[in-house]
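With these hints in hand, go ahead and build the complete structure from the sequences.
Just so you know, the sequences run in chain order F and R. Take the first sequence: its letters are residues 171 to 884, numbered as in the numbering used here. Take the second sequence: its letters are residues 171 to 884, numbered as in the numbering used here.
One or more hints might be untrue.
The list treats identical chains as one, so a pair stands whether inside a single copy or across any two.
Stated by the list, open to error - Listed next, the in silico DSS-like pairs over lysine-lysine satisfying Cα-Cα at most 25 Å (straight line): (1) Lys251 / Lys696; (2) Lys251 / Lys540; (3) Lys559 / Lys541; (4) Lys683 / Lys696; (5) Lys876 / Lys235; (6) Lys864 / Lys397; (7) Lys559 / Lys601; (8) Lys517 / Lys228; (9) Lys393 / Lys540; (10) Lys518 / Lys696.
Note that these hints are calculated values from the structure, not bench results. As the structure is a prediction and not an experimental result, all values here were calculated from the model.
Protein chains: 2
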Amino acid sequence: MSVRKYISIILLWSCALNAAAQTSEPATQSKAQPVSQHHLMPVPSSVRFNQGRLSITKSFTLAAKGYVDDRLRAGVDRMIKRLEGRTVLEFERGLLVDANAATLVVEAQGAGYDVPSVEENESYSLEVSDKQATLRAPTVVGVLRGLETFLQLLESDREGYFIPAVQIQDQPRFRWRGLLIDIGRHFEPMEVIKRNLDAMAALKLNVFHWHLTEDQGFRIESKKFPKLHEMGSDGLYYTQAEAREVINYARERGIRVVPEFDIPGHATSWLVGYPELGSAPGPYQIERRPGIFEPALDPTREEVYKFLDQFLGEMAALFPDAYMHIGGDENEGKQWDRNPQIQAFMKKKGIKDNRALQTYFNQRLLQILKKHGKRMMGWDEIFQPDLPKDTVIQSWRGPKALAEAARRGYDGILSNGYYIDLMQPASAHYKNDPLPADSGLSLAEAAHVLGGEATMWGEWVSPETIDSRIWPRTAAIAERLWSPREVNDVEDMYRRLNIISVQLEELGLTHEKNQQMMLRRLAQGKQVRALQTLVSVLEPVKEYRRYQQRPQTMLSPLTGLVDAARPDSEAARRFAALVNELLLDAPRFESRAFEIENTLSDWRGAGTELEAMIDASPALHEAAPLANDLSQIGAAGLEALSFLRRGVAPSTQWRDSRLLMLEQAAKPKAALEFPIISSVKELIIAAYELPQLKTMPPSEWRKRVKQLVVGAKQ
Amino acid sequence: MSVRKYISIILLWSCALNAAAQTSEPATQSKAQPVSQHHLMPVPSSVRFNQGRLSITKSFTLAAKGYVDDRLRAGVDRMIKRLEGRTVLEFERGLLVDANAATLVVEAQGAGYDVPSVEENESYSLEVSDKQATLRAPTVVGVLRGLETFLQLLESDREGYFIPAVQIQDQPRFRWRGLLIDIGRHFEPMEVIKRNLDAMAALKLNVFHWHLTEDQGFRIESKKFPKLHEMGSDGLYYTQAEAREVINYARERGIRVVPEFDIPGHATSWLVGYPELGSAPGPYQIERRPGIFEPALDPTREEVYKFLDQFLGEMAALFPDAYMHIGGDENEGKQWDRNPQIQAFMKKKGIKDNRALQTYFNQRLLQILKKHGKRMMGWDEIFQPDLPKDTVIQSWRGPKALAEAARRGYDGILSNGYYIDLMQPASAHYKNDPLPADSGLSLAEAAHVLGGEATMWGEWVSPETIDSRIWPRTAAIAERLWSPREVNDVEDMYRRLNIISVQLEELGLTHEKNQQMMLRRLAQGKQVRALQTLVSVLEPVKEYRRYQQRPQTMLSPLTGLVDAARPDSEAARRFAALVNELLLDAPRFESRAFEIENTLSDWRGAGTELEAMIDASPALHEAAPLANDLSQIGAAGLEALSFLRRGVAPSTQWRDSRLLMLEQAAKPKAALEFPIISSVKELIIAAYELPQLKTMPPSEWRKRVKQLVVGAKQ
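Structure representation (structure tokens):
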């Protein structure tokens, strides 16, 4: 992704977010029970809890009625192992013959599609009484979805583990719910892919979009053109056997694998081994920088199509999914402009510009894909006149572009707003609907909006950090794509996200546990409490600012503090909630004052404590100003708290100096920023405005403080 | 391993430890510099630090002189990546041509053995000045060993990263330094094996002993006899391609792979698919329990040898190492006793007992292995009259048995005392010398003692926990096997172990980070501080008591508190050191009193805090008495501290009731025990004995308290 495109995305997205904010969708819950009663994610389309509970003891058993196959059996085994892991109970293995005696009965009507399909019926029903649970589904994939719900229903108290009595009817709102992982920029080993497929299945996602080629790496073995992976990957690629292993692993979990071969741009790595495919003579080297680059396939030469026919044919045989993604994004055509042969070709054929030339290229590609039995899929740019209607458009431009395509009869999926590499909070993704209530589409048109995909672009992720960039935020996207539109309570989403995040760890995900490991490496030892405090209130800068502030290449170590930090700071959210409670407790200001004081003292202390560690660890030198900021933020917050509790307003000078300090602290350093600034600012402004308080009721007072914070000089 | 054998091991080992304690070896350092100056592990045979330092900046470069091959290049690349990870600096890739300009010059004289060999020369020298570092070795493996030392030398301060000026001459004391991983009882995926190979290389271990078959699982693909892995493994086995991947991965790191096929006993899993090989008719099922079982191959039938000839021939072609391990342990011959044909065979051949029958079996095996070009290796039991001299004996009986074999001219390695599954502290393993100073062996005889192997028996380890059972303790064993005998300062070993433990994490090891993950699962949430406090002062019960106290099978979940707890509690060691300082500070008792008070308050508080969590998490119910114990231990310690500091002795009644409480707390619960009991007992007895103090100097007083603690009723 280039900076240029970055900016357009940001603008488009900001608009989308503003629009969403203005629509002010009704915050009502659908048919679902108040979600405060459960931690299901995604929330099923219909949930009704009843009186009673089904005890889960070591005599738990499972029976299958109806259709049974190896995939169902394996899915049941995985569920049982996780249930055992959580309860530390050992259950009987295998399926009981006598369904009456079983704790859980699963009943599939049939296998479903042999190759996972966008047409798959994923619905299921789950009924739990205090005697038995029954999970019914038309397909094995439906059963797999229901088993995840069953696991999420597990509760416990002093009496033991149990599943509450419940009736669930569930099916997805959208049938394309994907996660793109870009292993072009940074390669990810097999176990990373596998554990993320497990996590996807836990959240009922059903498409793994495998972005296999990039300027920075060609990551799939080609037996026909071995120089592609041999020269384009630094040896970091998946063999075809491994690709089959991934496809099978995904299939076992009801997940499709859509491979992407990004052409004609983003193709530098192809040209290292086969420079003759390029639009300039070469030689080419694997790209190490992030950004948009010039190398592009030459769309005017027949040899290129012959090559693509053979290569894509090989890939079409390897990847069984009905769709193949050909990328098509961000080709600026600079090589084309400079190539006289290409220019002559365009003149001869009456192709008026590069856009039209790429359309010509896409039309040729389409024929090739058709020949190999695949439906074509590409990014927004492929949406051009004459595009056949069975093409799928993946939109990085936004819901409006998607709706426009749907209106014209094209299938599409949304990725704008789901760019999880941009470090936005889960709440922002959660509010982003592929099919907003005000889309204005008819029912038939709306059916063309297939769903969406979270996109894990790989510029700044390593096997150590990628899980923490995908999870738990992608669970919020998964809910948006599965649950009814009306399920949109952000606070409740976060409550459940915390629980789901811990559950994901049982699948081997490292999003929680790798942070402390990385801090220990930076600190060169085990004492990382203060560093942990600092990093818990820091977030990597959002959008595309990381590279601007802290340029690195694809070969740089991703082991700095910014890599250990995670988006969507839970500590900051918690602090904001505490401050809110405190300020609503006017004029006493006692509610939560104890926790706030502790937190602020902790910040103040950590900053000081960190000085020696930072001094001794050069890799942490970039964090020195952040530690200093944290101390000052903590100290200012404590002062404000003290004013509030004593009912004494500070001087204007005090306020101004503290706001100035916050202004400095708000500037990103080491590509990190504090998401706690505005909460502390609220404390400071509230303290200063104390005299006004006497004239207002607490809720109005609270509103006024928020206005003042927004109004205060940033 | 059976309970019976367990007990004999314990007895033998206790004797060994007592013997070691009595020898009171000199605690002097060898030629090496005082180790407090570095954190090298294993300590090199000769280290001399000089004035000066070599700065490590982003302009770090590396050049190679002399012999260069892909293995050396890959080793250099791995080292550079780790150096980058720690420093968050990006270095130039590849080898410089101009050695004069390089920060580090490596110079190998030759490749060494193509297949890693017990004869490999692993020595190296490393000279670091403030201009350049030079690493010289006769082989590439020597260079790999030196690169690990180079990485361990990395230091930092305010000025940046650097390597201190130093001269190191290094070679191993023993040439067989191994780690056995039993993947028969519990299978471990490829990434577990690989990351442990990386850790082995970091500690300069050179033999991966792959225990591939057990009653509970046959874990290697046989193309000749596919029912072995298909029916004997639950589908959990390594394909031959994966085995080759492991062999190559190990070779790249200068590590041999010695496969073990444990026969004639421990062979239940073989017989599931091929019952006709057994000494009783079958059918057989994969064993799920721990222990010693009856199934054994029939040593009287020619078909069995024909089978073994083909199977071991297939394995001999797969595994290139010169040695093949045939197990040979713990066959009690009960099936043989009951089989009339076997009895008739013995009568006819004049084989007087089962031991002799197994010797007959071994002789036949030996011929088969010879035919396939392998040297035979087996456990103590194979050491019988007529055993050919090129057989290697792996001793679980102890250094005496090993010395006896050496005296008779047999090569041997020590595993007794290195059974890391027994949950002993690193210090116990560290003191265990394969060739004690008092062995009485001649130099020529001593040369038969090749080294030793840590043995990770797999009854109670999962992919989540195995790293924490192997590391960091195995680093202490690695040092025993590499460093001079005189390097034996336990306290300093622990100081360095803490640093090494964090460094191992950069290789993906999970021994540190998985504990909190497991606690989060048990607590069903992220708030695990109190649980962390509890588990930090608990250790799994030692030796073979876990199964007795908390029986499970090979299919049981290993996700309980005992699985999250780790051997060799660091918190307990630290507390013991604090108490020691306090008691030496008589009669003031102020030194470290603050930390001790904080720690004890933390314990008292955690116990109380845990009540609600335990109540809500049935999997933690077994921890309820432990939480209660911890509160009481903390409270009693605080009282004792208060008496000491006030200079007031408590009543006899107080002492007796507190000692009684400790006696109860000392009883293992949930297969866990408190290693802090004796330190708290010291506080209590010291408080009670206060009046005596006035008559003694602090050091004598300290001695007296220790005596009283030992004398106090346990």
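Comparing the hints with the structure gives:
1. Lys251 / Lys696: between (32 Å within a copy, 22 Å between copies)
2. Lys251 / Lys540: neither (43 Å within a copy, 44 Å between copies)
3. Lys559 / Lys541: within (17 Å within a copy, 68 Å between copies)
4. Lys683 / Lys696: both (14 Å within a copy, 11 Å between copies)
5. Lys876 / Lys235: neither (58 Å within a copy, 67 Å between copies)
6. Lys864 / Lys397: neither (77 Å within a copy, 84 Å between copies)
7. Lys559 / Lys601: neither (29 Å within a copy, 75 Å between copies)
8. Lys517 / Lys228: neither (76 Å within a copy, 51 Å between copies)
9. Lys393 / Lys540: Only inside one copy: Lys393 and Lys540 sit 22 Å apart there, 40 Å across copies, limit 25 Å.
10. Lys518 / Lys696: Neither: 69 Å inside a chain and 66 Å across chains, both beyond 25 Å.
Hints 2, 5, 6, 7, 8 and 10 from the list above are not met by this structure, while the remaining hints are.
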